[in-house]
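> Each chain, letter by letter, is given below.
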Amino acid sequence: MDIATSLAIVTLAALVHASFQLSVSVLTLLSGHSIGAKRSHARTLRLTSSFVFGAGVMTLLLLSFISLVLLTIFGQDAPQLIWAIACGLLIGVGIAVWFFYYRREKGTSLWIPRSFARHLSERSKATKSAAESFSLGLTSVISELLFIAAPLIISGLVIIQLPGIWLLVGIAVYTVISLITLFSIWVLISSGHRLSEIQKWRETNKHFLQFAAGGALTVLGFFVYVCKIIADVAGVA
Amino acid sequence: MEHGGLAVDIIKRNGRRPSEAFVREKLHDSIVAACLSTGMPVGQAEGIAKAVAEHVVGWLRSRPEVTSHDLRRIASKHLRAHHPDAAYLYEQHRSIL
Chain Y
149 MDIATSLAIV
159 TLAALVHASF
169 QLSVSVLTLL
179 SGHSIGAKRS
189 HARTLRLTSS
199 FVFGAGVMTL
209 LLLSFISLVL
219 LTIFGQDAPQ
229 LIWAIACGLL
239 IGVGIAVWFF
249 YYRREKGTSL
259 WIPRSFARHL
269 SERSKATKSA
279 AESFSLGLTS
289 VISELLFIAA
299 PLIISGLVII
309 QLPGIWLLVG
319 IAVYTVISLI
329 TLFSIWVLIS
339 SGHRLSEIQK
349 WRETNKHFLQ
359 FAAGGALTVL
369 GFFVYVCKII
379 ADVAGVA
Chain D
89 MEHGGLAVDI
99 IKRNGRRPSE
109 AFVREKLHDS
119 IVAACLSTGM
129 PVGQAEGIAK
139 AVAEHVVGWL
149 RSRPEVTSHD
159 LRRIASKHLR
169 AHHPDAAYLY
179 EQHRSIL
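Protein chains in written order, with the working numbering: chain Y, 149 to 385; chain D, 89 to 185.
In case anyone wonders, no lab produced these hints; they're calculated from the structure. Take the hints with a grain of salt, since some may be wrong.
Unchecked claim - Simulated restraints on C-beta separations:
| no. | chain 1 | residue 1 | chain 2 | residue 2 | range |
| --- | --- | --- | --- | --- | --- |
| 1 | Y | SER263 | D | LEU94 | 51 to 61 Å |
| 2 | D | ARG168 | Y | SER339 | 25 to 35 Å |
| 3 | D | ARG168 | Y | TRP314 | 37 to 47 Å |
| 4 | D | GLU108 | Y | TRP259 | 25 to 35 Å |
| 5 | Y | GLY363 | D | ALA95 | 29 to 39 Å |
| 6 | Y | SER212 | D | ASP158 | 43 to 53 Å |
| 7 | D | PRO129 | Y | LYS273 | 49 to 59 Å |
| 8 | D | GLU108 | Y | TRP246 | 14 to 24 Å |
For each residue, glycine too, the CB sits at the ideal point set by N, CA and C.
Chain D on its own, in the form it takes in the complex (with noise of 0.2 Å):
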């Protein structure tokens, strides 16, 4: 799927699930949650989130395929410059349970 002139394709955990297109719009949901989390105020954690998103689509625009675990990699190293107690949430989102 082409989104935003950028067409990359997201290999799920595993490989267990079927591959989906990069929606920034999910990976800027994400982040705002995650910085939500940790007590910030909405217009900052958009605002961290835009910039974040803006970092990570520098980075896919020249792979056709990643991993959602690279994509949360990278997401995380760059959030983790602005916020790291949000970084540190987005990182465990999956390892709470």
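Just chain Y, with the same shape it has in the complex (with noise of 0.2 Å):
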């Protein structure tokens, strides 16, 4: 697999991870409670940079993580039965993705356990320092695991076999794509944008961006497939 083809597969998963939700509701409701307790404009952006910043280094974390325990067990080229098992993984992710991201009622709740959540909330409430903020956002990455494991993964598998620098480059393009959503609600909570607006479009888009996640996950899986497991056996690679 050449570095541009690794490259673009990376920023696929990475952008099925912006897509998911979790940290941006999470975001939406650490921004509502901080201008509802009447913080200042400044504090609210020190709190949601925090957030975001956190969500960052626990993206970059998981990834480099989930490489080096790759290149540990496999070397630079894992077996193909651990990319089939990947692709399987992505495709059963996607689909289930499709039935099962958001909860059949008004409002984006997601399929997660309802404890969770409240706890979440919760903590997006008692959030007052930069540090706390922080916290939740590297909270929030792991409590969306169940979805990002499979985009994750892949980019791991992916990024292993890059040669020396382009390693580095594969989980930096990773990390900042993967927070492109949780960046554009930072830009537009910064700006001055109603939450109330905000949130309405997510809601509105919800089943777009449900099936479009599902989609891009069992499309990468086939293209993984394809592009690993079936040009291999053939012997094109």
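Mind docking these for me? Both chains are given alone in their own frames, and the hints should help you get the complex.
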């Protein structure tokens, strides 16, 4: 697999990661509580930017950890069975996202345990300092692990094949692109957009986001399967 | 608990948490928070919250206990008349995550 194809796979996986909405929901709640508690705009900005930074750090750590584990176990080229399992995981999670990502009710409630959602919701309300907000960002990425594990693993498998500095480029590309939606929401909030507008947009387009995330995961699974397994078997790669 | 001549128990969601006494300030603050999240000035938010809380207190007078869901529904209904966007956020509060 050449560098361009590898980076394209990492980019698509990161875009799928970016389309998941748990961190965005927590950021929306955090901003709402901060504005509602009459905190200054600067304070709200500090809290939200710490949150986005925390989410970025956890994404970077998770991808680095997964890459390191894969590299230690399999070396630079993982066996085909592992690639096949990762592709199966992508397709399986993609289909599951089509059916189970949002709860069948008003709003943007996700299919995560309710106790977990309550905890995140209460923490976003109780968060007052930048350090707490940073840790909430870390936690929100961990909470999304069920959905983001597949794109992280496939990116890890692709990244460990890259030579030298490109390995770091792959990790950086994934981290930056996976933060696109959070960063966009942060910019909107910072520039004074109303939370009601943001939340209405999210609710109106939730089925599109769900379809796009599930579809992109499935397409990515098939693409990697063809690119890596079928090409290897056919002796094309 | 008696609050401003009003003793009403609020049954929490699904009855899983213990019920608690109605506190007007808590309702007022949650409405102010929803209003501020729409970019409304503090003074206007306080005024709307006061008016909505008045309506809700009036509705509660004949009831010894209500569910938190009903309380939120009634507050939301009156808030919608003042500011639909704030009412939307107030209703959505528990279904964002």
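> Which hint numbers does the structure go against, in order from smallest to largest?
Violated hints: 1, 3, 5, 7 and 8; rest satisfied.
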